[in-house]
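If you read the sequences in order, they're chains A and B.
79 is the number that this note's numbering gives to position 99 of the first sequence; each next residue is one higher, with no gaps.
129 is the number that this note's numbering gives to position 149 of the second sequence; each next residue is one higher, with no gaps.
Misleading hints may appear alongside valid ones.
Remember, identical chains collapse to one label, so a pair may be satisfied in a single copy or spanning two.
Mimicking SDA-like on lysine to any residue, the simulated pairs with C-alpha atoms at most 20 Å apart in a straight line are [to be verified]: (1) Lys42 - Val(-4); (2) Lys42 - Gln(-18); (3) Lys42 - Leu(-14); (4) Lys42 - Gly223.
The set of hints was computed from the structure by calculation and includes no laboratory data.
Quick caveat: nothing in here was measured; it's all calculated off a predicted structure.
2 protein chains.
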Amino acid sequence: MQTISLDKSFGGTQGVYSHESAVCKSTMTFAVFTPPQAAERPCPVVWYLSGLTCTHANVMEKGEYRRAAAALGLIVVCPDTSPRGEQVPNEPDNWQFGSGAGFYLDATESPYDEHYRMYSYITKELPEVIASHFPADMTRQGVFGHSMGGHGAITIALKHPSVFRSCSAFAPIARPMEAGWSKPAFEKYLGSAAAAWREYDTCALIEDGYRFPELLVDQGTSDTFLEDGLRPSELEKACAEAGIPLKLRMQEGYGHSYYFISTFMEDHLRWHAERLS
Amino acid sequence: MQTISLDKSFGGTQGVYSHESAVCKSTMTFAVFTPPQAAERPCPVVWYLSGLTCTHANVMEKGEYRRAAAALGLIVVCPDTSPRGEQVPNEPDNWQFGSGAGFYLDATESPYDEHYRMYSYITKELPEVIASHFPADMTRQGVFGHSMGGHGAITIALKHPSVFRSCSAFAPIARPMEAGWSKPAFEKYLGSAAAAWREYDTCALIEDGYRFPELLVDQGTSDTFLEDGLRPSELEKACAEAGIPLKLRMQEGYGHSYYFISTFMEDHLRWHAERLS
């Protein structure tokens, strides 16, 4: 692991790091905020998964998580959204596929299967890096995210309810295996058999029996992606049918950007802290 | 005035606007956060002046001022740091002069005097735009800023103590008319007669009799510019000799970036709110 930068902030340390990922066969960059409490004891870890087009830096610069994380004693890990580099197959003109659009899945189709393994990266490889380099209490982990990353957070929580004790999302996408804008990505990563796509679709996972104790979701009513890609009613319906308590808050007038996310960041970190304490 | 974007955030509105500045002969962009209280009554205005290389966007994206400004009912105005455009003379390879480096002064030397008039822009032209387009109580204004903009805030407050009721700064530069890195800019903007430079140098203004009721300054001890450009002891000495109460807080381990600024942003906004209420 290489340290790219360290900055004191809110009494803690905002670091940016990189490492050679064996899983993604790519140099991966990630950000970790270590709160002041970590100088004295291991702290719970909250994973923030970013949305399409983002790197680790978007939430680090605009998410406004450090004040609350420092107050609550939470380590916040912000990974990148995909492998990157000249060796990684990509479609530079397509912002919904490839670089910045890893969908937190393990691709099975060539040539993407060699690098696009964000699911294993987030659930296996990066946690080992965090556990060995930071004062992290890995028995207390939460996961949240935004848009594609909000969806990724819920899929990962559903599949690892014994690892993650808390989960929330800002404006998560719903049913990406069915939406016109995301279906082509699923096809390229996972092949044409839709049965395999269900592993990476929140509503399908819930329909297939995966469960999580409770979920918090905030969604802006002025989000331009609301009807096309986000459709919170889909998640609401799936959770209701499965008996998963979903606290879905429609936030009047808010959009899809970090102006929305930062507004409710403290609420989400408190949600996680209450369940990780 | 043109509206470039409006985003709901922390119950208020973060807007980005542009207008044709007659003073700077340039299209100028600026950001205004309007807190929720402005829907019911005019609100005090706090001006944030940014540092070298910045536009209006740096503090808007990384400054984390909206939460506290919304809680305190403050309008926050974030201007650009210089005129910009093809018609504006510039030195693209020199980050300490020209675009992004207006030093909040009115240039008197050709060819810079036609556009580089940030002092008049900030103290006269932009306040008129704010007064006529926003629910602003212009009888209650404060000014603060960072680095070159922290220095600009103090010079402007010293020269307009009846307009600004509060002033603070993050890591302001000191004695730019004497420092090796800034003296060339003063010479290009203001000519070779150093007497004219005193109008735009905090310590010189204080020595020349300008006063302000009290100042708050935060300075990181790990700031890489500490000894070269910032030298808070110079401002401390000038204030002590003039009897200006200066609350100078040396913040252990903090740098010069927005990781530092955001940490103490709430303290500064509270400082202003207390004096503007």
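Hints, verified against the model:
1. For the homomeric pair Lys42 and Val(-4), the shortest alpha-carbon distances inside one copy (15 Å) and between copies (16 Å) are both at most 20 Å.
2. Proximity of Lys42 to Gln(-18) under the C-alpha cut-off of 20 Å is found in neither arrangement, the shortest distances being 23 Å within a copy and 25 Å between copies.
3. Taking CA atoms no more than 20 Å apart as the test, Lys42 paired with Leu(-14) passes in both settings, with 17 Å inside one copy and 16 Å between copies.
4. When the C-alpha separation of Lys42 and Gly223 is checked against a cutoff of 20 Å, the pair qualifies neither within a copy, at 35 Å, nor between copies, at 40 Å.
In this structure, the hints that do not hold are numbers 2, 4, in rising order.
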